Amino acid sequence: MTSTSDASFQNDMVGGEHSSPPTVELIDITKRFGQIVACDRVSLTLRSGKIHGILGENGAGKSTLMKVLIGLVLPDAGQIRLHGKPVQITDPIDAATHGIAMVHQHFSLVEALTVWENVALGDVGRLDHRHVRERVAQISEHYGLHINPDDRISDLSAGMRQRVEIIKCLRRDPQVLVFDEPTSVLSPSESEFLFAALRRVVQEEGKAVALVSHKLPEILSVTDEVTIMRDGKVVRAGETAGTAASELARAMVGRDVVLRREHAAFGVMDINDKPTPSPVATTAAAPSPSPALRLVDLHITGRDGRALLSGLTLDVYPGEIVGVAGVEDNGQRTLGDVLSSLVALDSGKVEVAGIGVATGRAGAMAKAGIGVIPEDRHDSGCVLDFTVAENLFIADPDRVSRRGFMNVATMRQRAEVLIRQFSINCTGPNAPMWSLSGGNQQRVVMARELAHDPKVLVAAQPTHGLDVGAIEYMSEQLRNAAATGVGVLLISTELEEVLDLSDRIVVIYNGRIVGEMSKGHVDVERLGMLMTGAGESHE
Amino acid sequence: MSETPEPVENVTPEPGQRSKLASVSEVLTLYAICLFVALALAALLVEFASDKGSWSSVYTVILDGAVRKPGRWGLTLGIAAPILLVGLGTIVSGRAGLVNIGQEGQLVIGAGCATYVGVRIGGPGPLALALTLLCAVIGGALWAGIAGALRFWRNVPEVLTTLLMGTVAANLVGWGLRNRFLLLAPPEGRANRNQVSLPLRTDRRIPRVELFGNEFPLSIVLALVLAFVVWLVLGRTVVGFRLRMLGRNARTAQRSGVDQKRYGIGAMLVSGGFAGLAGGVMLAGGDFGDYQLVANFGAGIGFAGLLAALVARQRALLLIFIAFLFAGLRTGSGFLRATGVSARIADVVQGTLVLAMLLPPAILYLRARRRAIAATSSRT
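Chains Y and H, in that order, give the protein sequences.
According to this note's numbering, the stretch in the first sequence is residues 421 to 959, in order.
According to this note's numbering, the stretch in the second sequence is residues 305 to 684, in order.
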């Protein structure tokens, strides 16, 4: 923590001399996408010689703000000032000429080419390879990046590749560097190296750095100043030194959520004026002895060698809703894919009502009684070119067939019943699926999965992209499902949804469950810490 | 992070569903216009580029050659049979989302296998014929199965493998036709340089029927029955349902219990099997060569069948009609040649007419897409 105290000391000095304006000022930036306000009068100041952390949940508006800064998104209102002078940044090239560069979360490197070739990509005019090589070597040496300009990208690790990205930025000697989730693909030691290099850049050359992250420990140990965003607004801004992790976590997760929870926990009123499903109480009192779904030590390694799931263990009992909270890209998608038979496990096992299920085998999970409302219904939830009736029976056509022949009349009749029962708004069973709105497509998926009497219902981001009415409906259906004894696994990055619906909340981080709390005892501070990896020591 | 909002409306507007009659008449008009333009172009071509024959006679000659003159529609039926068979196989693989374009090769392999077995096998005629055709099916199926296996085990695109394997097949059978121990007939009874196989014995040929002065092989009946079977299986059975699901959305299919490898490779095997059978009935049917395998035996029937399936937009019953049309074009333009129009011009005329039939489906597809996009965006 010596570095932070240094920083605060420096900051006092800078604060004293008002004569030099900050490197970058974003003032009252507002950006709307349709009805959603991504940034609502957000202000941010980046000072030379400082690392500024920007912390927030998914959807808080961090990325949009950074895109405004590098010209990928034009703000609807607000002003950008560089060294006190108002400027217009219309595109990334414009930003580059102003000395602003960004290292993106996802690399844009050509694997078949060498380091210096990648660095030179996009240059215009005659290619002076000797010059580029020398420059790469020079930057590498200056910042201690240990990059050989003649190495092929395909031979480099993720950490090394990121250094190449950094070299690409530093080559133009920018005044402002933006890092978007730089450590999401890095190992801990690689992260440490990155931050050490970052420190040097900042201290030796007085560059201003913005670091977007949702990892608390990182923000605490590296940054000088921190801005926390929630729902498109800045909820807290100030110096990092002397700030407790718990304070940041609470600010990030938000207080209004706590309020909702308190009401619900007291049982005084249900926020949605819904009849509280009774089984929840019974489950909480006496959990059924055998879980409906048991996941034991799931491991999956992705093609790029990154661990997607690393030892995920979780039980879901009949009649309860278990909410999986977590920041995006921590294994939620993979978990959904496993339970949809889309990927096979490297190790671990999945049991439904005590019986093991083979992973990755077509239809095995559905057959075992796992209903899934997938994160992206167009990807694995429905067939857009099929009719509504066909979509209602894709998982189990045998229900409407005899001796291998589909009974069209029966299919139509049953589809009509389901359409009425789930109030699916369409022109009839023969309407093509693509002609339905998102909410109604989701109802079709829901109707199908529930019609198969599942033992477990997995709902991944079930209300994503739906309007208020549809969200209400979905929530009600999930509660009803749990009330009839189905074990519901709710995977969502929207914390409010998880807190609102779940009887039990578990937190997923880096491909495993790092913590658990029950409905009545939600500690938002701890939740925030767990989600950001600050509470991993709890295990 | 902050995405553009998705459609947030619950009321579905009427999708662009117009009455069936209107859409059918639209399709027919489209075909009529395209055919008319193609015929006009063909007529111009004949008038100016050919010293013999006049443009006014082009339509009548094609029609004469395809159906009107004595014995012609029988010939058209005999040619329609393999086109229909190839097209049916193409529909099966196409519905499973696979692009098999190597039917010509699968057909030749089928014909080669049929020849090898057909001229050697003993036993009663009908049984030998059945076994001969079965070998054709197996040969074509395995040839396409190689592409299928490569696709599902090694992720090699089947478009490439099927096409390239077509070239391999042509050369393989050509090589077989140069070797006595494989397909080449003994020197006695054949012109010295001709690379031909022995003809099938008369009792193992597909029986030919004579009707109103027209003669055609019974293979057309087999093809028609199979067209009905394919229509039934694809449209009405669970297997067909799953196959179509795989073609439309492989991940949803995987989640719903459709084993991609099994169904995908199965579809490839069936597709190749149909092409192989086409080769078998060409050999044993009598309209292509004299019941014997000759060089370049495929005669473009594989590609004609592929085209027919595309024109029929993967509908088995519509394919019957299209296959007859393609066969008629072939026999008709053959007749055009007989009236003195040079062979090259006749080929160009035929190509123009095929193109005319390929255009409407393409136009319809584009228009349907535009409507779909309009329907989706009107909600957003």
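Misleading hints may appear alongside valid ones.
[To be verified] Derived pair list, reagent style DSS-like, types lysine-lysine, alpha-carbon separation capped at 25 Å:
1) K939/Y to K875/Y
2) K373/H to K787/Y
3) K769/Y to K787/Y
4) K565/H to K769/Y
5) K653/Y to K787/Y
6) K653/Y to K769/Y
[What the hints assert, rightly or not] So the derived list for chain H, only partly shown, Cβ under 10 Å to chain Y, looks like this:
7) R552
8) T556
9) R566
10) G570
11) R619
12) G644
13) R648
14) I649
Treat the hints as calculated values from the structure; they're not laboratory data.
As the structure is a prediction and not an experimental result, all values here were calculated from the model.
We put the beta carbon where it would ideally sit given N, CA and C, even for glycine.
Right, here's what the structure says about each hint:
no., hint, in the structure
1, K939/Y to K875/Y, "holds, 22 Å"
2, K373/H to K787/Y, "violated, 61 Å"
3, K769/Y to K787/Y, "holds, 16 Å"
4, K565/H to K769/Y, "holds, 24 Å"
5, K653/Y to K787/Y, "violated, 45 Å"
6, K653/Y to K769/Y, "violated, 42 Å"
7, R552, "holds, 5 Å"
8, T556, "holds, 5 Å"
9, R566, "holds, 8 Å"
10, G570, "violated, 13 Å"
11, R619, "violated, 14 Å"
12, G644, "violated, 50 Å"
13, R648, "violated, 42 Å"
14, I649, "violated, 42 Å"
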